[in-house]
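Asker: Here is what each chain is made of, one letter per residue.
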Amino acid sequence: MSLLALARLALIELWRHKLALLPIGLAALMVLLAFLPEGEPAVVAADAFTYDIGVTIVPFFGVFVAVLAGGGLLAGEVERGTALLLATKPVSRAGIVAGKALGAFGFIAGSFALWAAVLAGVSLLRFSPAVAAGVGLATLAGALVAFLYAAIAIAASTRLPATGAIAAGGLAWFAVTVAGGVMKFEEAANLVWVVGAARLLRWIIPSEHLGAWAALIGAGGSPTPVQLIALLAIPAWLGLAAALFASRDLG
Amino acid sequence: MAAPAIACEGLTKRFRKGFRTFTAVADLGLEVPRGVTFGLLGPNGAGKTTSIGMVLGLIRPSAGRSTVLGGAIADPAIRRRIGFVPEKFQLPPFLTAEEFLRLHGQLLGLSGADLAGRVATRLERVGLDARRGDRVSGFSKGMQQRLVLAQALLGDPELLVLDEPTSALDPVGRREVRDIVREARARGATVLLNSHLLAEVEAVADSVAILRDGRLVWQGAIASLAGPALRVEARVGGWSAALAAAVSPLVDNLDVGAVPDAHGAYPVAFVVAEPGRVPGVAAAIIDAGGALHALTPQAESLEDAFMRLVGLAQRPRLNAHERADPRGARDGGSGGAGPEGAA
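Sequence order for the protein chains is A and B. Oh and the first sequence: position 10 is 95 in this note's numbering, straight run, nothing missing. Oh and the second sequence: position 75 is 83 in this note's numbering, straight run, nothing missing.
Just chain A, with the same shape it has in the complex (with noise of 0.2 Å):
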């Protein structure tokens, strides 16, 4: 019960501070883009609309809300106090870190729910019900990489303020990107030490694999070995999480 708790009172902070915006605006974006004319900026191709929306924008924009979620949850509870109120109640500290997660999820999957329904929508309408059935499978498994980004936020909100947890979180997606430029260069002899490095952040971030899972669902694939491998990522930041803020003074 406190784990529910916990999580509904992250649901309502976020959903009181108005991030439920964000998700809606991209939705209302998606709609307008869908039913522009044709020739303009609109989609034009059922595999086009499934790349670049549901399978690279909606990912994109799912990581900056993931941030937004999870940076200031913890982080607010400390900033404000209301963390000792927290943490003197009958949950432990890693109970009050998965509370908070499981809402901060909970807002992620609702967003993802939110673009999938619209995607599929919308594609169903100007498309075919197969193509919807796609879009809307992988721009809902786009929500791993979300829950990933937003784990990496939780972890460091439990030692930074909101503002430099939402920064950590950019900074790792920035990272990655760039790890994942770095590995075209994997042949070249003087690189070895930071493509190794990269290699190395790939795997401790693992977005890359989770987003290549989720368009392969869109495709109607199933994921590979690797791939649900990287999903043991998300539980792992999460522990740190725990780890981190169990350890960390309070007051």
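Rather than coming from a laboratory, the hints here were simulated on the basis of the structure. Do not rely on the hints blindly, as some may be mistaken.
Residues from chain A that face chain B, not an exhaustive set, calculated with beta carbons under 7 Å [unchecked claim]:
1) R165
2) A331
3) D334
Ranges between beta-carbon positions, derived for each pair [unchecked claim]:
4) B:D178 to A:L285: 56 to 62 Å
5) A:A328 to B:R73: 34 to 40 Å
6) B:A71 to A:P320: 32 to 38 Å
7) A:L276 to B:A80: 33 to 39 Å
8) A:K103 to B:A124: 27 to 33 Å
9) B:H204 to A:L89: 38 to 44 Å
10) B:D137 to A:K103: 28 to 34 Å
11) B:G79 to A:A194: 57 to 63 Å
12) A:A194 to B:G43: 35 to 41 Å
13) A:A321 to B:E311: 23 to 29 Å
14) A:K103 to B:A307: 56 to 62 Å
15) B:R195 to A:A321: 27 to 33 Å
16) B:G79 to A:L285: 55 to 61 Å
Remember, predicted model here, so these are calculated numbers, not experimental data. Each residue gets a CB set at the ideal place from its N, CA and C atoms; glycine is no exception.
Fit chain B to the supplied structure of chain A, relying on the hints for placement.
Answerer: Chain B only, in chain A's frame:
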């Protein structure tokens, strides 16, 4: 026999600031019996809030150990029996008063009609029942403090820890907090009260511990706090240098006012080493030709004792209006001089 409400031994907290280590609390040994109201006192920076934080498991001690209600604070069953009001907080502005209490009630394991009933009665107890549906963002600091107090009372705690619970309250609110502390004590709860307002602690506490520079300097019943020294105020007619010379060897910190009252008696204050010396001082005044109009021993207040114990004790002073005459109130601490002896 029940274990003490709080027992700690060798509790120490060292903070690292850059390359320097700062000891906030050193080797604290404290025992708070069950069913008492216990005041934790000390000047700013004495380590009171850090001590409370360590006892409640909010701050990890560098050394030492503590138990609360006979168990470890890490045990959720122990924490369920504790109510806590922290010193500094800003309540979640996005919650209503009722939502805030419901959340904390749920964290205590309450639900259904029991939770709803407790939320309603606690809101009423702290005078916020009419604002139950209002967002906390519109609450004053005093109202937030009342709401946090209501939160601490939700589970009928066996141990109520109040860290500066009245810092933002008006006199009415302070009185209500005193009443709440007395109610908690009446139902058998232990109250640990940390307050800068010594008169408040004196009004409700049975025992106190005094910290200074992170160390415990005194712990015990308030009744046993007063030292043997006694402050005495007197009104003496015919004060003279000879009279001062007769009295000075018997007292400390002799202070004589400059302005006599309508009967020609001067205000005099001094400290005797023990109450049994007061008659001797009275006799010395009379033998030296003084007219003793009044002689009033003053019981040492908690504030006086606190100042003495933390090393900030000052000499007894006459009231400002009694010393207002610039012509010559004399400080008679070492040989004393009255108006007649003034140069």
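Asker: Work down the list of hints and note, for each, if the structure agrees.
Answerer: Hints versus structure:
1. R165: It holds, given that the least Cβ distance between A:R165 and chain B is near 4 Å, below 7 Å.
2. A331: 10 Å, violated
3. D334: 4 Å, holds
4. B:D178 to A:L285: 56 to 62 Å: 59 Å, holds
5. A:A328 to B:R73: 34 to 40 Å: Cβ of A:A328 to Cβ of B:R73: about 22 Å, so the range 34 to 40 Å is violated.
6. B:A71 to A:P320: 32 to 38 Å: 34 Å, holds
7. A:L276 to B:A80: 33 to 39 Å: Violated, since A:L276 and B:A80 (Cβ atoms, about 53 Å apart) do not stay within the stated range.
8. A:K103 to B:A124: 27 to 33 Å: Because 29 Å falls inside the window, the suggested range holds.
9. B:H204 to A:L89: 38 to 44 Å: About 39 Å separates the Cβ atoms of B:H204 and A:L89, which means 38 to 44 Å holds.
10. B:D137 to A:K103: 28 to 34 Å: 29 Å, holds
11. B:G79 to A:A194: 57 to 63 Å: Roughly 39 Å apart at Cβ, these two residues miss the hinted range, so it is violated.
12. A:A194 to B:G43: 35 to 41 Å: At roughly 50 Å between Cβ atoms, B:G43 and A:A194 fall outside 35 to 41 Å, so the hint is violated.
13. A:A321 to B:E311: 23 to 29 Å: This hint is violated: roughly 56 Å between Cβ atoms.
14. A:K103 to B:A307: 56 to 62 Å: 60 Å, holds
15. B:R195 to A:A321: 27 to 33 Å: At roughly 47 Å between Cβ atoms, A:A321 and B:R195 fall outside 27 to 33 Å, so the hint is violated.
16. B:G79 to A:L285: 55 to 61 Å: 44 Å, violated
Hints 2, 5, 7, 11, 12, 13, 15 and 16, counting from the list given before, are not met by this structure.
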